[in-house]
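These protein sequence lines map, in sequence, to chains B and S.
Quick note on numbering: my numbering labels position 183 of the first sequence as 183, and the sequence is numbered without any gaps.
So my numbering is basically just the index in the second sequence, starting at one, shifted up by 330.
Incorrect hints may appear among the rest.
According to the in silico footprint, chain B covers these stretches of chain S (three or more CB under 8 Å from chain B) [what the hints assert, rightly or not]:
id	region
1	474-483
2	497-511
3	611-623
4	663-669
Among chain S residues calculated to face chain B with C-beta under 7 Å, some are [as the list claims (entries may be wrong)]:
id	residue
5	486
6	493
7	494
8	654
9	656
10	657
11	659
12	660
None of these hints come from the bench; they were simulated from the model.
Heads up, the beta-carbon is just placed ideally off N, CA and C, and yes, glycines get one too.
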Amino acid sequence: MAQSSFKAPSFTVSVRGLARYALVAVFVVVFAIFSAIAPAFLSGANLLSVLVNNFALLAIVAIAMTFAVAAGGIDLSVGTAIDFASFAFVSLVLAGQPIPLAILGGLVGASLVGLFNAILISGVGISPFLATLGTLFVGRSAQQLLTNGGNPVYLPPSSVPEAFRFLGHGGIAGIPVPFVVAFGVIAGAYLILSHTRFGRVVLATGIQASVVRYSGIALSRYTAATYVLVSAIAAVAGLIVTSTVTVYIPSSGNAFLLNAIGATFIGTTLDPHGRPNIPGTVLGVLLLSIVANGLLLSGLNFYWQQVATGLLIFSVLAIGFANRKAASRA
Amino acid sequence: MSVDAAYLSPSLPASIGNEADATPAPRGALGRRLAVLALRQGSLAVFIGVLVYFSIAAPFFLSVDNIGNVLGQSAIAGVLAIGLTVVIIAGGSNVVTGGIDLSLASNMGLSAAVYASLVQAGQGDAVAIICALGTGLLIGAVNAAAITLAGIVPLLATLAVMNVVAGLELVLTLNTVIPASTEFLATVSATGPFGIPVLAYLLLGFTALVAAVVQYTPLGLRLYAVGEFPEAARAAGLRVKLFISGAFLASGLCGGLAGILSVSYLSGSTTGAGDMLLPVVVTALLGTVFSRRLVPTIGGTLLATLFVSFLINGFQLLNISSTLVSGVQGLLILLVVSATTLLQRKGNQ
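Take the sequences, apply the hints, and build the full model.
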């Protein structure tokens, strides 16, 4: 009797340990399959293009989303922040302002979105899902008003300075700028979340907000700061997109929303407690990126790619949550 | 009058939020009651006020033709929003961990594509109807299994299902429009008695049917219990997971039905069904303001759907840019939710 009760937990622990790395395993398997069926997949040029074209932008947005989810919320308006950053950036460049000022303007523009969310969430006390959903809708209308009903704002080649091109197409020591920026954002986010007081409070808020409040921490200020930070990080993606394609298209940022949420929650399966974490999010984005690229290269019908991506996300989530369920039962 | 009023006193939800205040002062409860009444009557007053304004500013607005058209145009969004409302009732108001079905709009798209493809393949209406509803039901079943068996949070489970379903629609239609015209489809999109579209009658009939079940039967009462107090519902012997599965099946079926209506309304399946998602979510959440206890109700959702449709219609008649519509929707939801939240906070004090 005593023996069996000793055995049971050790068995569950090992199963949990295995399932925890399900995400890593899925990633390795998917990587291996694509390497086998699509010879071009494993080439250096292709992997680099995955990192620059697929990974970098989504990673930045997903990192932003991770902060919101880590704080126990969600931000459906990351796309709006991207758009506002993009709009402010393009407008300032068109007005002939220097690039650093335009970048600052983009960050400020996006932070206004974050500030709006912050007021709704920590000022009024609306749940983050509803508040940011409202922001998404208001933001969409605001952009249409700013652009005469949703016309894209193009940057003519003549008005594009060299520094602008550098952001989207340049390289630092041979490494493309978008990837360098994404790496910087990831490293910065990791440091903030796991090595600062702010990060600890954010994580604690996500686990048990009331405990944070009872500990005498000004919870609403931290929550407000979190949502401003989320928008500011998302803004970086907006700046890179804009400098790559030299156009601002109203409400185009929403394209990242669902993948960013997906990557963040796929990433939670890496954590023993199912908490959002930066390495998990990065791995989630990597998985989504190589799946998108690998399916393209494997010559599968373009339309099946979305099905396959969806099924993959679904299975990772199923494994992750079934594992968590088993853990909570044990 | 209904489940909504009978089953809990208004002071209860407020005390749940803060355990320290298990017994709010009767005065505060009364104050909250009055405030809730003001909000509910206020939103009805705004609804009526907007209608009156449009009728004066655009005389055509109040004509039977126009009202019938608006009702008909609301049918698709209305059926989807009702499906979502059932899920929100059964899953509780926490949209992240509770009731949400993000796959509804793409469900409608795939069901419509199935219907149109079958018609193109020479199948009859009966087969097409059964397959379209079956598609919706199957999607609901996958959601239900993912949520109750695998234990995935509804927000994520339905997000993943949404991706798969939207992908399947692309595979089936190759991202093109599939035209479909049959006698049945023509009947549904035709004008019925009194010059009002058949779609309008369908919407009202469907709402009445679902409202009857959800608001006036023991089944509906239990659905609310499962959503608001799952622990209590479980303790009372209700099979919580069964109810949640049922809600997702029902919402899947609504997606299939909306698919059929959209094939009829648009004479075929079209791309971009996913764009319906967020407006439908907003509508379903907006509907709570039309209920006595500020909870999701079928009637409230219908009113919210009609409110948004009348708003769009009125803007069109007055030549106001339709780009304002999403802004107005956004501001409405924020106003409603702010008012509700502040009220609840006041109730807690």
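How the hints compare with the structure:
Beta-carbon proximity to chain B at under 8 Å applies to 5 residues in the region 474-483 of chain S; the threshold of 3 is reached and the given coverage holds. Requiring three or more residues with a Cβ within less than 8 Å of a Cβ of chain B, the coverage given for the region 497-511 of chain S holds, as 6 such residues are present. Counting residues of the region 611-623 of chain S whose beta carbon lies closer than 8 Å to any beta carbon of chain B gives 3, which meets the minimum of three for the stated coverage. Interface restraint, the region 663-669 of chain S with chain B: holds (4 residues with C-beta to C-beta distance below 8 Å; minimum three).
Here the hint on residue 486 of chain S is kept, as its CB sits about 5 Å from the closest CB of chain B, short of 7 Å. Annotation: residue 493 of chain S was flagged as interfacial toward chain B, and the flag holds, the nearest CB pair being 3 Å apart, inside 7 Å. Contact between residue 494 of chain S and chain B, as hinted, is supported at the beta carbon level, the nearest pair being about 3 Å apart and thus within 7 Å. Interface restraint check: residue 654 of chain S against chain B, minimum CB-CB distance 6 Å, threshold 7 Å, status holds.
With 7 Å as the threshold, the beta carbon of residue 656 of chain S comes within range of chain B, its nearest partner Cβ sitting at about 5 Å, so the hint holds. For the restraint placing residue 657 of chain S at the interface with chain B, the shortest Cβ-Cβ distance is roughly 3 Å, inside the 7 Å limit, so the hint holds. The beta carbon of residue 659 of chain S is positioned within 7 Å of a beta carbon in chain B (closest approach about 5 Å), and the interface hint is therefore held. Because the beta carbon of residue 660 of chain S sits about 3 Å from the nearest beta carbon in chain B, less than 7 Å, this interface hint is met.
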